[in-house]
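A.B. asks: Sequence:
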Amino acid sequence: MELLEALSTKFNYWIYIIIMMIGLYAMISKNNLVKKLIGMSIFQTAIILFYVSIGVKEGATIPILYHDQVHPSHGDSHHEADTGHGEDHHPSHEEIVANLHIEPDDFGNPLPHVLMLTAIVVGVATLGVGLALTQKVYRDFGSIEESEILESIKSAK
Numbered sequence: 002m003e004l005l006e007a008l009s010t011k012f013n014y015w016i017y018i019i020i021m022m023i024g025l026y027a028m029i030s031k032n033n034l035v036k037k038l039i040g041m042s043i044f045q046t047a048i049i050l051f052y053v054s055i056g057v058k059e060g061a062t063i064p065i066l067y068h069d070q071v072h073p074s075h076g077d078s079h080h081e082a083d084t085g086h087g088e089d090h091h092p093s094h095e096e097i098v099a100n101l102h103i104e105p106d107d108f109g110n111p112l113p114h115v116l117m118l119t120a121i122v123v124g125v126a127t128l129g130v131g132l133a134l135t136q137k138v139y140r141d142f143g144s145i146e147e148s149e150i151l152e153s154i155k156s157a158k
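In this text, residue positions in the sequence shown follow the numbering used here: the first is 2, and each later residue adds one.
Since the hints were derived computationally from the structure, they do not count as laboratory data. Fair warning: there could be bad hints in the mix.
[What the hints assert, rightly or not] Subject to a maximum C-alpha distance of 25 Å in a straight line, what follows is the list of computed DSS-like cross-link-like pairs (lysine-lysine): (1) K58 - K11; (2) K155 - K36; (3) K137 - K58; (4) K137 - K31; (5) K155 - K137; (6) K137 - K11; (7) K158 - K137; (8) K137 - K36; (9) K37 - K155.
Taking the hints into account, I'd like the entire structure generated from these sequences.
C.D. replies: Shown next as structure tokens:
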């Protein structure tokens with residue numbers, strides 16, 4: 002019973018492991034270079050999903066402060082200064098932060114998501130280079146099957 006409970010509470014991790022193993026299996030066992038690249042993309046996707054999922058906080062919101070929260074009366078003092086009726090007091094950064102009442106636990110950390118955007122860009126670039134190399138290999142050897150390419154290399158020696 003404890004095993005089922007442990008598995009059900011960490012269900013998302015098992016999904017990532019399964020997706021990752023599918024990608025790893027495709028990279029290792031497939032003979033076709035394009036299928037190997039697809040396996041690599043599946044593997045990368047599993048890693049990205051894992052990091053995005055550990056960056057999620059339940060009940061948290063995006064870490065953006067709206068203008069009204071930071072400067073509730075911004076612009077009013079400038080208008081009053083033009084008419085000569087307002088005082089010339091501009092709150093310091095410390096005064097503004099002290100009056101915000103921000104609870105850090107209410108916000109999610111954007112860093113894992115930003116880093117995974119970078120990983121997506123690197124993954125797409127890697128896939129593009131891999132496909133370009135596969136195209137070059139096909140032009141040179143007439144096949145994208147690994148065994149046929151290796152035979153062609155051995156027979157050329």
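A.B. asks: Each of the hints needs a verdict: does it hold here or not?
C.D. replies: Hint check results:
1. For a cut-off of 25 Å, the pair hint linking K58 to K11 stands: about 15 Å separates their Cα positions.
2. Distance hint between K155 and K36 is fulfilled; the C-alpha atoms sit about 23 Å from each other, no more than 25 Å.
3. At roughly 45 Å between alpha-carbon atoms, K137 and K58 are farther apart than 25 Å, so this suggested pair is violated.
4. The straight-line distance between the Cα atoms of K137 and K31 is roughly 19 Å, inside the 25 Å bound, and the hint therefore holds.
5. Under the criterion of a C-alpha separation no larger than 25 Å, the hint pairing K155 with K137 is consistent with the structure, at around 19 Å.
6. Taking the CA atoms of K137 and K11, the gap is near 43 Å; set against the 25 Å cutoff, the hint is violated.
7. A C-alpha spacing of about 20 Å is found between K158 and K137, which places the hinted pair at or below 25 Å, so the restraint holds.
8. At roughly 16 Å between alpha-carbon atoms, K137 and K36 fall within 25 Å of each other, so this suggested pair holds.
9. For the proposed pair K37 and K155, the alpha carbon gap of about 22 Å is at most 25 Å, so the pair holds.
Of the hints listed earlier, those the structure fails to meet are numbers 3, 6, in rising order.
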